[in-house]
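Q: Spelled out from the first residue to the last, the chains are:
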Amino acid sequence: MSADASVGALSERTGFDAYRDARAIIRLIQCSRCSYPLRVPVTLPCGNTICRMCLPRSHVRAGISYPANQERQEGFTCPFSDCTKEHSLADSNPDVVLGKVLELIGEEVAKCKTESSEKPMLLEEQAVVHPSMASSGLQFDRPRSRVLHGGRLLATYTFAEMGELAFNSDVIYKPLYDDEDGGLALDMMLLDRLKEVVRNEFDCQVCYALMLNPVTTPCGHTFCRRCLTRVLDHSLLCPLCRRSLSISPALTNEPNNERICRILATICPEHLASRTETVTREEQGALGESQVPLFVCTLSFPSMPTFLHIFEPRYRLMIRRTLETRTRTFGMVSYNRTREPQGNLGTVEFREYGTLLRIINAQMLPDGRSLIETVGVSRFKVKDWSILDGYVVGSIDRYDDISLVEEERIEAAETDPARRSNANGSSSPTAQLDHLSTRDLLDIGMNFIRRMRDNSAPWLHQRVLEAYGYPPEDPALFPYWFASVLPISEHEKYKLLPTRSVRERLKITARWVRRAESQRWYSGTCTVL
Amino acid sequence: MALPKRIIKETERLMAEPVPGIKAIPHEDNLRYFDVEVHGPSQSPYENGIFKLELFLPDDYPMTPPKIRFLTRIYHPNIDKLGRICLDVLKSNWSPALQIRTILLSIQALLGAPNPDDPLANDVAQRWKEDEPAAIQTAREWTRMYAVSENR
Chain A
7 MSADASVGAL SERTGFDAYR DARAIIRLIQ CSRCSYPLRV PVTLPCGNTI
57 CRMCLPRSHV RAGISYPANQ ERQEGFTCPF SDCTKEHSLA DSNPDVVLGK
107 VLELIGEEVA KCKTESSEKP MLLEEQAVVH PSMASSGLQF DRPRSRVLHG
157 GRLLATYTFA EMGELAFNSD VIYKPLYDDE DGGLALDMML LDRLKEVVRN
207 EFDCQVCYAL MLNPVTTPCG HTFCRRCLTR VLDHSLLCPL CRRSLSISPA
257 LTNEPNNERI CRILATICPE HLASRTETVT REEQGALGES QVPLFVCTLS
307 FPSMPTFLHI FEPRYRLMIR RTLETRTRTF GMVSYNRTRE PQGNLGTVEF
357 REYGTLLRII NAQMLPDGRS LIETVGVSRF KVKDWSILDG YVVGSIDRYD
407 DISLVEEERI EAAETDPARR SNANGSSSPT AQLDHLSTRD LLDIGMNFIR
457 RMRDNSAPWL HQRVLEAYGY PPEDPALFPY WFASVLPISE HEKYKLLPTR
507 SVRERLKITA RWVRRAESQR WYSGTCTVL
Chain B
1302 MALPKRIIKE TERLMAEPVP GIKAIPHEDN LRYFDVEVHG PSQSPYENGI
1352 FKLELFLPDD YPMTPPKIRF LTRIYHPNID KLGRICLDVL KSNWSPALQI
1402 RTILLSIQAL LGAPNPDDPL ANDVAQRWKE DEPAAIQTAR EWTRMYAVSE
1452 NR
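Residue numbers (the working numbering), protein chains in the order written: chain A, 7 to 535; chain B, 1302 to 1453.
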């Protein structure tokens, strides 16, 4: 059997027509195995749909000891040629949405039959010879023909309902009455009525909008793919029947419900397109180009790695969305423990300066958590923020160092011997740092690291160096590395983020060194750190 | 931030097809915050009472349940002094397929079927178990005192 592929004959075309495409429309609801309109449709784990009575005979599955659940022990080989895998009977439950849709269509067609005027028409089946047809439920000795009533759509449905129209066959229509439009009006009317009665059935019960990339659960309930993954972030139970779902929360192996996809692409292509567009906009640039998701968690620094274990549902969603973007970046801001006012933002739960992180490696765990490895890209300042689906998003301004020219000017001015001698007498040792050259400031840090390594300071353990690398020679980056490994308070380290010059940062790190040297802990004999 | 379509649709439906005995009206300046009125079910101690509640839809609604609290005082073993409600569907048994309407119906049903074995207000539950007629009498009196309009 040729999977549901041929159902798609229509979707290539833009728009469709109840009259011209009557055959293809009816095919959308025919079982590809028995060719009847689907009766108790079951959508299999591979996304294909079949009548329940058309499921192949089941067998006891071999070699399965877990879960030791009797229901799962029975299985069958998937009859669709694009799958052919073994499905558990427990995962093959009636598709609630399609079942309801087929029922509504059946009722509406029945009403139509009693109402419709006598418009006889000859339908001739044109069998498409297909090698796998032997497996089909219908006999195909020769193409059949019937005189049926109603427009093309109604007559074709009746033809299929009688079991005389093979799934793959086409139909030639010959009106047996004198009418200019050949039943066109009837077809249009019926199709409109059918669309009307089924429309609400295709609304996702989580987002209340038209199903987008519908996925059907093993228990037979259908949701948008993105809605279901969000649900699974919170609980592994079906939102509708609360049965435990035997699927991986990331839905990596769960294909879309092919049948529903094709039906929607046919009956409401415009609606589907606008919905796709809305969602894409929402998920990505949604909030305008400058809006980025903000993870309120820890301090991160440019060019330094940050390793994260993502387990909270809202951040799972945030990371998934980030992974789908081109840049795979999000903002990291640290938690504002002391509730200090943050500039224009006022008192907020995070600090206003943060670091843009790019995901370089993501390991999705089967239960939906993930381990991600990121690297700091650049600094930013949060201008404004709001909440999206539980997490913070903000508009940010990139925050960079001043130009090199400016940097040089400041150094030259501060190290000017005239000013130095002036200040010498009165200043404290840390104030004296202000007059050192930028290179000397770097060396204070570098030398400190060298001495600490010689003393085997535990915070410079090989493991730490493997994660953060060796101290960078670049004076612009050294402070970030230093802050990443040095065991001092976050509050102190945060001072690096709002700096505007390399020199300013190196003064901060040199001050850390001076302070450390004035205490005993740095000597290496203290192993508490 | 734009209101999710789900909330808009739910609100529209609540307005268009209200549930008898239940009113939920969003604040104009905060469409996630609803003023709710639930009528006490007939043949319950809360009959003729109109109970006010506040309902708030959190940012990640419907992934997490709405936050609901009684504003009108009520004598009920599963509702405490602060108006907090002990109801499984508002906590661990929440499902995104539930909605404001179904939750409010559950709360109304809870008024009709108090469950002193899963108490939130321990003193009330205790009394309910020891002397049910007296507890029901008190519930009636409280309803008359706090939830019947001419006394408010």
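Accuracy of the hints is not assured; some may be wrong.
Some chain B residues flagged as far from chain A (calculated, every beta-carbon gap over 12 Å) [what the hints assert, rightly or not]:
1. Ile1326
2. Asp1361
3. Asp1381
4. Ser1393
5. Trp1443
Beta-carbon label-pair distances, calculated as ranges [to be verified]:
6. B:Leu1383 x A:Asp373: 44 to 50 Å
7. B:Gln1427 x A:Ala473: 54 to 60 Å
8. A:Pro478 x B:Ser1407: 58 to 64 Å
9. B:Ala1414 x A:Asp373: 25 to 31 Å
10. B:Asn1394 x A:His65: 45 to 51 Å
11. A:Pro62 x B:Gln1427: 57 to 63 Å
12. A:Asp440 x B:Ile1309: 46 to 52 Å
13. A:Lys389 x B:Asn1394: 53 to 59 Å
14. B:Asn1349 x A:Cys274: 54 to 60 Å
15. B:Glu1318 x A:Lys389: 38 to 44 Å
16. B:Asn1349 x A:Lys389: 53 to 59 Å
Since the hints were derived computationally from the structure, they do not count as laboratory data. Every residue, glycine too, gets a C-beta built ideally from N, C-alpha and C.
Q: Determine for every hint whether it applies to the structure shown.
A: Taking the hints in turn, this is what the structure says about them:
1. Residue-level check passed: Ile1326 of chain B sits 19 Å from the nearest beta carbon of chain A, beyond 12 Å.
2. The Cβ of Asp1361 of chain B does not lie farther than 12 Å from every Cβ of chain A; its closest approach is about 3 Å, which violates its non-interface assignment.
3. Annotated as non-interface, Asp1381 of chain B keeps its C-beta farther than 12 Å from every C-beta of chain A; the closest such distance is 26 Å.
4. Residue-level check failed: Ser1393 of chain B sits 9 Å from the nearest beta carbon of chain A, not beyond 12 Å.
5. Look at Trp1443 of chain B: its CB is around 35 Å from the nearest CB on chain A, clear of 12 Å, so calling it non-interface holds up.
6. Checked against the given bound of 44 to 50 Å, the beta carbons of Leu1383 of chain B and Asp373 of chain A, roughly 36 Å apart, lie outside it.
7. The hinted window of 54 to 60 Å between Gln1427 of chain B and Ala473 of chain A holds, with their beta carbons roughly 57 Å apart.
8. Checking the proposed 58 to 64 Å range against Pro478 of chain A and Ser1407 of chain B shows it holds: the Cβ atoms sit about 60 Å from each other.
9. Distance hint for Ala1414 of chain B and Asp373 of chain A: a CB-CB separation of about 37 Å, inconsistent with the stated range 25 to 31 Å.
10. In this structure, Asn1394 of chain B and His65 of chain A break the distance hint of 45 to 51 Å, their C-beta atoms being roughly 37 Å apart.
11. The beta-carbon spacing between Pro62 of chain A and Gln1427 of chain B, approximately 60 Å, falls within the hinted interval of 57 to 63 Å.
12. The beta-carbon spacing between Asp440 of chain A and Ile1309 of chain B, approximately 58 Å, falls outside the hinted interval of 46 to 52 Å.
13. Judged by the Cβ atoms, the range 53 to 59 Å given for Lys389 of chain A and Asn1394 of chain B is violated: they are separated by roughly 41 Å.
14. Evaluation of the 54 to 60 Å hint for Asn1349 of chain B and Cys274 of chain A yields a failure: the beta carbon distance comes to about 48 Å.
15. Distance hint for Glu1318 of chain B and Lys389 of chain A: a CB-CB separation of about 43 Å, consistent with the stated range 38 to 44 Å.
16. Remark: the range hint 53 to 59 Å for Asn1349 of chain B to Lys389 of chain A is upheld by a beta-carbon distance near 54 Å.
Violated hints, in rising order: 2, 4, 6, 9, 10, 12, 13, 14; the structure is consistent with all others.
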